[in-house]
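2 protein chains.
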Amino acid sequence: MPYGNTRHEVLIAVFQVRRFPDASGVLREEPELGVLLWQRALDPQVGTWSLPGGQLRNDEDLTTSARRQLAEKVDVRKVAHLEQLSVFSDPDRVPGPRTIASTYLGLIPLTSDPQLPSDTAWHPVSDLPAMSFDHGVMVANAHARLAAKLSYTNIAFGLAPAEFSMSTLRDIYCAALGYEVDATNLQRVLARRNVLTRTGNTAPSGKAGGRPPALYRFTDSRLRVTDEFAALRPPV
Amino acid sequence: MPYGNTRHEVLIAVFQVRRFPDASGVLREEPELGVLLWQRALDPQVGTWSLPGGQLRNDEDLTTSARRQLAEKVDVRKVAHLEQLSVFSDPDRVPGPRTIASTYLGLIPLTSDPQLPSDTAWHPVSDLPAMSFDHGVMVANAHARLAAKLSYTNIAFGLAPAEFSMSTLRDIYCAALGYEVDATNLQRVLARRNVLTRTGNTAPSGKAGGRPPALYRFTDSRLRVTDEFAALRPPV
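Here the protein sequences line up with chains A and B, keeping their order. Under my numbering, the first residue of the first sequence carries the number 1, and numbering increases by one thereafter. Under my numbering, the first residue of the second sequence carries the number 1001, and numbering increases by one thereafter.
Among the clues, some could well be false.
Said to hold, decoys possible - Part of the chain B face toward chain A, derived, beta carbon under 7 Å:
(1) Thr-1006
(2) Val-1087
(3) Pro-1095
(4) Ser-1102
(5) Pro-1117
(6) Ser-1118
(7) Trp-1122
(8) His-1123
Said to hold, decoys possible - Take a look, some chain B residues computed to stay more than 10 Å from chain A by CB distance:
(9) Ala-1041
(10) Val-1046
(11) Arg-1057
(12) Gln-1084
(13) Arg-1098
(14) Ile-1100
(15) Asp-1113
(16) Ser-1126
Calculated from the structure, these hints are not laboratory results. Computed from a predicted model, the values in this text were never measured in an experiment. Note that the Cβ used here is the ideal one computed from N, Cα and C, for glycine as well.
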């Protein structure tokens, strides 16, 4: 029979910029982009690491399912941004009955620290453990989408705390992109596009002393394209 | 039982910029964005118009399925660009067994004229007929995605002929966006982003005579983001 029913699962790549320990267990100074994974206690592929998620219920749509599974399985209730990514539909992507996977990107702010079950942990995206099935490709795709959107949208609101200095925001961009970004350029670009608003507050001075840095917030906390061609904007 | 198997279908919003007849049957001068639809001959919702597509086969992934269905059902083999859009997963989106729909955006160049079966026709996106189920929302979503991507990617390559004058390209942008775009601004923006290449050829002079217009082509025929922040580019 050429057409059959399939299972449908939802898998979420939840990213957070956070500090990870080095080989001797000391937290590194520079934060890195982390992804939330859980370790399989049973076969198939016992011991490999998987994205959180699971089967779609009969009474829910995909986005409802993604939120439910994050809340139930990893106690992540404070996702600042959640968006659908691509569907993985290779007929042989997992053993057993055919299962189509809809993937999501989830972002958690720097300052949030969700309680995790004992089988679940944050891993640096740059140094993933042995991943289950096609979950490694899913993480790479989600990371690529995040990096692309950092350049033409305000998506960093999902990774930033409510208020932040430009140097904190620079650290977030560097971690999410995986390369150095200049804080002055970043501020100039984001200001020109009206992405940031000054809160009027300042942070405590750093160790070096000096003028206390100004604090900012994202003007919007919903995704928008910040970067339309002036020539292509609709007439006002 | 909370978890069940589902059917999975693929539906494609195929867009082309083309000229449509006015009320008296005469082709309008200005081209418009059209979408390819077929009319249901049977219930449910007999007489309404649907996006081309159908059920996923056991042996194919979603993109293979989208290409197969376009080739089989509407004889569209020359899709210049095909990309996955969102998944429609409301449990009650269609009557009968639960069916999840993965939607695609497909683009056909201005000059292409695929043979269509008798139940299939192009409709202006601005004036859709009575649509089946949630297919009207799918067309609106696909159009919104196309319009957004026109502003930060080279996606217009999928709608343009191999060689074109700037005035033809302007007509394509106007039709796809639904508002006027200035040809001089458009050329300046696309030149700055290295989206276009001059072919060295010229078009025949228009009715008004004058200098024959230069012809261009898209530098790339694969989607790319043309518009990364300079400040956020990776170091070379």
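Quick rundown of the hints versus the structure:
1. The interface hint given for Thr-1006(B) is met, as the beta carbon of that residue sits about 5 Å from the closest beta carbon of chain A, less than 7 Å.
2. Because the beta carbon of Val-1087(B) sits about 5 Å from the nearest beta carbon in chain A, less than 7 Å, this interface hint is met.
3. The beta carbon of Pro-1095(B) is not positioned within 7 Å of any beta carbon in chain A (closest approach about 15 Å), and the interface hint is therefore violated.
4. Evaluation of the Ser-1102(B) hint against chain A yields a held restraint, the C-beta minimum of about 5 Å falling below 7 Å.
5. Hint on Pro-1117(B) is violated. Least Cβ distance to chain A is approximately 21 Å, over the 7 Å limit.
6. This hint is violated: Ser-1118(B) has a C-beta 25 Å from the nearest C-beta of chain A, more than the 7 Å allowed.
7. A least Cβ separation of about 24 Å between Trp-1122(B) and chain A goes past the 7 Å threshold, and the interface hint is therefore violated.
8. Look at His-1123(B): its Cβ only gets to about 23 Å from chain A, farther than 7 Å, so that hint breaks.
9. Every C-beta of chain A lies more than 10 Å from that of Ala-1041(B), the closest at about 20 Å, which supports listing it as non-interface.
10. Against the 10 Å criterion, Val-1046(B) stays outside the reach of chain A, whose nearest CB is about 22 Å from its own CB.
11. Look at Arg-1057(B): its CB is around 5 Å from the nearest CB on chain A, not clear of 10 Å, so calling it non-interface is violated.
12. For Gln-1084(B), the shortest C-beta to C-beta distance to chain A comes to about 5 Å, within the 10 Å cut-off, and the non-interface label is violated.
13. In this structure Arg-1098(B) is not separated from chain A by more than 10 Å, as the shortest Cβ-Cβ distance comes to only about 7 Å.
14. With a least beta-carbon separation of about 6 Å from chain A, Ile-1100(B) fails to lie farther than 10 Å from that chain, contradicting its non-interface assignment.
15. No beta-carbon of chain A is positioned within 10 Å of the beta-carbon of Asp-1113(B); the least distance is around 28 Å.
16. For Ser-1126(B), the non-interface assignment is confirmed: its Cβ lies about 14 Å from the closest Cβ of chain A, beyond the 10 Å cut-off.
The earlier numbered hints that this structure contradicts are 3, 5, 6, 7, 8, 11, 12, 13, 14.
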